[in-house]
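Make a model of the complete structure from these sequences and hints.
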Amino acid sequence: MNCTSIQESLSQWMDGELPSPGGAELFTHLSACEACRTFFKNLHLLSHELSSAPPQQVPPSLDRRVLAVNLSAATWKRRIPWPHPGRTYSIRAIGLAVLLSTIAMGFVSSLLYHDSQPQQTIVCLTPLPEVEVTGYVVVAPSHTKGMSQ
Amino acid sequence: MLTPSDAELIEQMRANNRQAFAALYERYKISIFRYCVRMLGDESSAEDATHDTFLKLFSHAGSLQSPQALHGWLLSTARNEVMMMFRRQKRTEPYTDEDILTDQTPHDLTVSAETSEIVQLLLRQLKAEYREVLVLREYDRLSYSEIASITGDTESSVKSRLFKARKVLADKLKLYYT
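Protein sequences, first through last, are from chains A and B.
Mind the numbering: the first sequence is residues 1120 to 1268 in the working numbering, read in order.
Mind the numbering: the second sequence is residues 10 to 187 in the working numbering, read in order.
Be aware that a few hints might be false.
Where chain B lies over chain A, by a calculated footprint (3+ residues, C-beta under 8 Å) [claimed, not checked]: (1) 1124-1134; (2) 1142-1152; (3) 1170-1184.
Simulated crosslink set (DSSO-like; lysine-lysine; CA at most 30 Å straight-line) [to be verified]: (4) B:K168 with B:K136; (5) B:K65 with B:K38; (6) B:K65 with A:K1160; (7) B:K183 with A:K1160; (8) A:K1160 with B:K176; (9) B:K183 with B:K173; (10) B:K136 with A:K1160; (11) B:K65 with B:K136; (12) A:K1160 with B:K168; (13) B:K176 with B:K136; (14) B:K173 with B:K136; (15) B:K168 with B:K183; (16) B:K38 with B:K173; (17) B:K183 with B:K136; (18) B:K168 with B:K38.
Only some residues are given here: those of chain B computed to face chain A with a beta carbon under 10 Å [said to hold, decoys possible]: (19) L11; (20) A55; (21) L178; (22) K183.
Please keep in mind that the hints were generated in silico from the structure rather than gathered at the bench.
Just so it is clear, CB atoms sit at the ideal spot from N, CA and C, and this is done for glycine as well.
This is the structure we're talking about:
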């Protein structure tokens, strides 16, 4: 291991995150390397100075601002478990899904209803020029064949 | 009497218990405010970020998925607030490592400051991405995996940034004391 990887391991060791077999090699290297010993010493100094900083004071104005919030006015998004375990859906999302499904089903069923209507037929018994029909198929009786349009 | 857990206090908050919210605020205000101060560098902005963080707790209490991991959630929310402020102030990269000693010589600083002040000064001059892992590790004693879940990085990236931050600071400290 070179000095950089040793120093990286020292940083991990200080955090208690070095895998256990790494320790022995680390300290063997330290006993022989002045640069890494200095790094280790400064690492300790740094950690000590950071952790021994005076406790953070929270300004009273922050306490007042945060604690003044109106609890009853909170718009909490309550969630319910359904239908898959481990997943939750907001009531608002479920409501929207139901609404959209209803609209879609209504639209589709109206199309189906429209298409399923039997085609209406009018048998024309009078001479065609006197009849005004729109939207229907006009079938002229056999005796008027040749007059239909 | 047993101290109520975070999950119990969240449940009480959902029942409009104001004292539960106040108890959670008391429990975490120092950690969140300290993180914001260390990241933003001034108490006024840190106060705003902390305030907004706890307001988010307030409005999301009903939908928190893991109330037992509340501290991490608060730090993660505070981090988002801090990043938003950086973006607003166009301060994505306030300093670079190379800027650390440009204004004051080591001698000036050692004459005028205690070690802890020098360390704090050096910490403030680190890039935000390096400073935050050091703050979360040294002040909040979070593990690499906890830091990774807050910053959205891998543990290996946290380990690497932590080492680099310490290396820079340790090397600078060496200049002051040798």
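Compare the distance between the alpha carbons of K65 (chain B) and K1160 (chain A) with 30 Å, and conclude whether the hinted pair is satisfied. Not OK: K65 (chain B) and K1160 (chain A) at ~42 Å, beyond 30 Å, violated.
Would you mind confirming whether the straight-line C-alpha gap from K176 (chain B) to K136 (chain B) stays at or under 30 Å? holds (13 Å)
Proposed proximity, K183 (chain B) with K168 (chain B) (alpha carbon, max 30 Å): Distance ~22 Å between K168 (chain B) and K183 (chain B) Cα, so the pair holds.
Satisfaction of hint between K1160 (chain A) and K183 (chain B), Cα-Cα up to 30 Å: Distance of about 9 Å is within 30 Å: holds.
Proximity test - 8 Å, beta-carbon atoms, the region 1170-1184 of chain A to chain B, at least three hits: Holds, because 11 residues of the region 1170-1184 of chain A bring their Cβ atoms closer than 8 Å to Cβ atoms of chain B.
Between K65 (chain B) and K136 (chain B), does the CA-CA distance stay at or below 30 Å? Satisfied, since the Cα-Cα distance of roughly 27 Å is no more than 30 Å.
Compare the distance between the alpha carbons of K1160 (chain A) and K176 (chain B) with 30 Å, and conclude whether the hinted pair is satisfied. With Cα atoms ~12 Å apart, K1160 (chain A) and K176 (chain B) stay inside 30 Å; holds.
Hint check: 10 Å Cβ-Cβ cutoff, L11 (chain B) to chain A: violated (24 Å)
Verify the coverage statement for the region 1124-1134 of chain A against chain B, using a C-beta to C-beta distance below 8 Å and requiring 3 or more qualifying residues. Coverage by chain B holds here, the residue count being 5 at a Cβ distance below 8 Å.
Pair hint outcome, K1160 (chain A) versus K168 (chain B) [Cα-Cα no greater than 30 Å]: Satisfied, since the Cα-Cα distance of roughly 19 Å is no more than 30 Å.
Please work out if K168 (chain B) and K136 (chain B) have their alpha carbons no farther apart than 30 Å. holds (16 Å)
Is the hinted pair K136 (chain B) and K1160 (chain A) satisfied, with a Cα-Cα distance of at most 30 Å? holds (23 Å)
In this structure, the earlier hints numbered 2, 6 and 19 are contradicted, and the remaining ones agree with it.
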